[in-house]
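Chemist: The lines below spell out each chain.
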Amino acid sequence: MVEIMEMMPLMLEGMKTTLWVFFLTALFSIPLGMVACTLRLSRNRALQTLMQAYILVVRGTPLLLQLIFIYFGLPLVGVRLDREVAVVIAFVVNYAAYYTEIFRGGVLSISLGQYEAAKVLGLSKFQTFFGIVLPQVVKRVLPPVGNELITLVKDTSLVYVLGLGDVLRAAKTLSNKQASLVPLFVAGLLYLLLIAAVTFFLKKTENRYDYYR
Amino acid sequence: MVEIMEMMPLMLEGMKTTLWVFFLTALFSIPLGMVACTLRLSRNRALQTLMQAYILVVRGTPLLLQLIFIYFGLPLVGVRLDREVAVVIAFVVNYAAYYTEIFRGGVLSISLGQYEAAKVLGLSKFQTFFGIVLPQVVKRVLPPVGNELITLVKDTSLVYVLGLGDVLRAAKTLSNKQASLVPLFVAGLLYLLLIAAVTFFLKKTENRYDYYR
Amino acid sequence: GKKETASDTWADLEARGTVIVGLDDTFVPMGFKDENGQMTGFDVELAVEALGRMGLEPVFQPIDWNLKETELSSKNIDLIWNGYTITEERREKVNFTTPYLDNQQSIVVLAGSDIMDKAALEGRAVATQNSSSALAAIEAEGAMEAFKDGNVVLFDTYNDAFMDLEAGRVDAVVADEILARYYIATRGEAQYRVLEEDFGDEEYGVGVRKGDETLLEKLNEALDAMKADGSAAAISEKWFGENIVK
Amino acid sequence: MLRVENISKSFGDKKVLDNITFEVEKGDIAVVLGPSGVGKTTLIRCLSSLETIDSGRIEITERSREEEHPVGLVFQNFNLFPHLSAMENVAYPLQKVKRLSKEESEAKAKELLDSLGLEGLEGNYEFQLSGGQRQRVAIARALAMDPEYLCFDEPTSALDSELRDSVGETLKEIAKRGTGVIVITHDQVFARSHATKLYELGTELKRVR
Amino acid sequence: MLRVENISKSFGDKKVLDNITFEVEKGDIAVVLGPSGVGKTTLIRCLSSLETIDSGRIEITERSREEEHPVGLVFQNFNLFPHLSAMENVAYPLQKVKRLSKEESEAKAKELLDSLGLEGLEGNYEFQLSGGQRQRVAIARALAMDPEYLCFDEPTSALDSELRDSVGETLKEIAKRGTGVIVITHDQVFARSHATKLYELGTELKRVR
Ligand SMILES: Nc1ncnc2c1ncn2[C@@H]1O[C@H](COP(=O)(O)OP(=O)(O)OP(=O)(O)O)[C@@H](O)[C@H]1O
Ligand SMILES: Nc1ncnc2c1ncn2[C@@H]1O[C@H](COP(=O)(O)OP(=O)(O)OP(=O)(O)O)[C@@H](O)[C@H]1O
Ligand SMILES: [Mg+2]
Ligand SMILES: [Mg+2]
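Residue numbers (the numbering used here), protein chains in the order written: chain A, 1 to 213; chain B, 214 to 426; chain C, 427 to 672; chain D, 673 to 881; chain E, 882 to 1090.
Hints are computed from structural coordinates only; laboratory data are not their basis. By construction, the Cβ of each residue, glycine as well, lies at the ideal position given by its N, Cα and C atoms. Please note: incorrect hints may appear among the correct ones.
[Claimed, not checked] Covered by chain E, according to a simulated footprint, are these stretches of chain D (three or more residues, beta-carbon under 8 Å): (1) 757 to 771; (2) 826 to 834.
[Stated by the list, open to error] When the alpha-carbon atoms are kept at most 25 Å apart in a straight line, the in silico DSS-like pairs for lysine-lysine are as follows: (3) K989(E) to K782(D); (4) K1078(E) to K1057(E); (5) K1087(E) to K119(A); (6) K177(A) to K636(C); (7) K417(B) to K687(D); (8) K664(C) to K177(A); (9) K770(D) to K782(D); (10) K574(C) to K16(A); (11) K636(C) to K125(A); (12) K698(D) to K844(D); (13) K991(E) to K686(D); (14) K119(A) to K979(E); (15) K878(D) to K332(B); (16) K907(E) to K119(A); (17) K844(D) to K780(D); (18) K774(D) to K338(B); (19) K125(A) to K895(E); (20) K782(D) to K895(E); (21) K774(D) to K332(B); (22) K979(E) to K125(A); (23) K782(D) to K332(B); (24) K687(D) to K338(B); (25) K991(E) to K687(D); (26) K644(C) to K501(C); (27) K119(A) to K989(E); (28) K338(B) to K686(D); (29) K177(A) to K644(C); (30) K991(E) to K119(A).
Start from the sequences, fold in the hints, and give me the full structure.
Modeler: The following block contains the structure:
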């Protein structure tokens, strides 16, 4: 018990990093994913190809390397970013690609009749997407979106490559020092708590969309 | 160029590990996810709760810790597994939880009318699920399933905690040795190739399901 | 936990004829895989020689460095031999052989830097590897309060730390002398400067499971013999260009 | 005999069926008329166990076969399986439930589809069928299972008068072969010419003929 | 005037519309009869630009307003928005396209729904509506937009005779107010009593009256 109390300050310090990386990424990547999804599904051939390339490259390489590239690679062309900025950019660009695909799946599962009804009523593409399609898509994609949000919680630990200290790194440091696995399991518990909160929030949101079938 | 040629034997050695972990996990976790999804959606309250707990715990803790737990923790209760076996079990159990949620989203998006039609025709629950629901679900969930497959490709690098040498670890060794980032980018390229292949396969599968709307 | 189930496995090892040596196979130049996947490095050659003298064959098992003591106590490996720094905390879990190498925590700056001594690090960004003995040394001196933001910038590998130094985002890197030496030699001598002052000395030893007293004893004998007959020195010269074995 | 005794059904606090009683015998064609929204669809959904009733009982006596679902149903909105062709929509349940071989089931499906004027459309999927064609596939699919009782929810709403007559003939035929037929319709002509029993659903279910 | 000149449309190698020509003027009620599967739905989908025609042209002259979609459509299968209530289905497009305020749009929606016998069902979602109720919500939604031309694809298929008459009256009224109305139906009575122009679609489109 004493050991666990001792490790708390360092762990909580790490938790702060974990939390801000999580919230900022979730906040920006989901809307970006929606926008990218509309571009991916646009009629414009060039845009389609561009988005496919974006998705391939971003999903195709580890986030770890993307972090390294943005932080260590961009200075070679004169773009020098702060650690925190580099982290947020890399995470948002990365996660948006996954959300793009999830939303694409959702959008394609909406029946053609919905688009046709919107069209003959004179709704613009924009109005159709945000008023008719998206609300129905959100209901359908909540479970996979939940998967990505939860993966994100754990991926935040990748910030270590840019020298930021998150909760997992705090645990590893302590684990090395105490030559014990206990700190790692405490970190696991902290993740579990955070993810239980995310799961709870997702469940609430699902219930909120339960008013229609 | 010579440097790159030099690193290939070690890289390819690592690639072997990456590939078998990927294929075995994909092969077992997707069907397991389907089965778990039917249990998660069953009417039985106990089963529901059990599956929710499984999903919360498995998604709620890092795969890294699960690997450690299975390999180092289970021997304490007398179950001693080989490194390879521990890896496959941990990966399959972990990924199945994500697939469970994806399939759940897909199943819930199938209209009630489909179940009712199946029921009045006298189809059993089993026949309804595998003959009517699942084929329609698969079409809808391909994009998020793709996300997880691609995440899996990259997650294979976690096998390092059990001392297995995958392509990323090979790259790190070489990177330390040559004091250069080039090996890491070569590893990135190998991931990209593998994921391009997965993407291509997914695209083909999507096209195969394009025969109806 | 400190379970008293410690037992001597020497008889098993002898019967098997092999000893499993755990190491982080990305740790250049102590123990790592070469381009062909062969295990090599200073510690590896030392282990082959020492265990050979004991009539045993080493099997090199790569492990995650964070899990080394766990691997040892669950008997997946028999030795930790990989630039393993002797510390008091580790002594509680592991037995160490007599030290075979001295190591310093050197301070490396860019050649053109205005930092000439430790005192000049005040207010500057200083980086090192996470979980490293360099970090432990800095913490032991309580030096980090003086650094920029009152903290050390921690990287997963020294590679990243040195790259950040080159990018100019940190002003100094504190690193194992042995590693720094290797790194500087590989990246180009002229770029860097090593300060006269350092963050203290430490010693490398081989980690042996508590209870394996026979193995520890025999290993110490073999290492002493190698130091005496110059074969340890030969390996050192091959890897470091001079004899630094103590 | 399919006997319905005092059944009631509410959605929330809206009482849709209030104490309904009637019975259908094999060979009957029971037609239910009634204004839109009165509860006709709800009634036959109760008969085929798609809705749970709040009170009362539904009983089937003198079962001729032991089958899971003795009451078939053609849905008002068809509910075809979109991933199966017209042919497969009919043949798939035959294979799975009646355990017919692929060939047998497809022969039977083809025969039924042809008799409803769908020759040449066997390979079409739902999205490639017109409204009336979908309706006929749904009818064929239900007929194929040959249940003891079969409910039709406005089976001719999307059909022209010729097809309406032909569906009427079909219903007569299956009734003659011993099926109990229950039909919801807004088509007075159809009702008057085919019904052996005629009901009107309002606040209660009244037998008209 | 909505003028259709020599349009043709095929699905794959199946020619559905072959060289169709006709015109509808404002105030007309043009009724199209024809057997199931002949291409009626396809025809009006072409009119409202949901299908691209293979050849020929569709022209609208004397536009009274500049609007994106001058040809409205009530779908055979309704296509209600399931996440919006009956009221919102009608009010949402009014707000977005006609730029009415929330209050105005809801007042107008309520009025239309009431006139079609849907009072009390404003808050119901699609899954809580009967077949005929859905059909009427779809009609209300299309009427609300008040397009220059409005196509109805079997608008009374799920309605009882009383409601059929009331929808008939509604169509007459909007035609009188200057809308060009095109109606597909299988209901001969409806056709004969309301049509100002009567067509039969077979291998060609024939004007009957
Ligand atoms: N899930 C539900 N929740 C609330 N109300 C419902 C629900 N399902 C049906 N209703 C209501 O129950 C009533 C009866 O519906 P039902 O579908 O049985 O009518 P119907 O007689 O078949 O009408 P129609 O001829 O228009 O198809 C309707 O007023 C409808 O609004
Ligand atoms: N996407 C498609 N692919 C192939 N064939 C199609 C497609 N859509 C419609 N068809 C065919 O085109 C023909 C005309 O269809 P349409 O829906 O216009 O008929 P309809 O006259 O409205 O019939 P109903 O009265 O039954 O609704 C039908 O035979 C149908 O099978
Ligand atoms: Mg009904
Ligand atoms: Mg039609």
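Chemist: Which earlier hints can't be squared with this structure?
Modeler: 1, 3, 5, 7, 8, 11, 15, 19, 24, 28, 29
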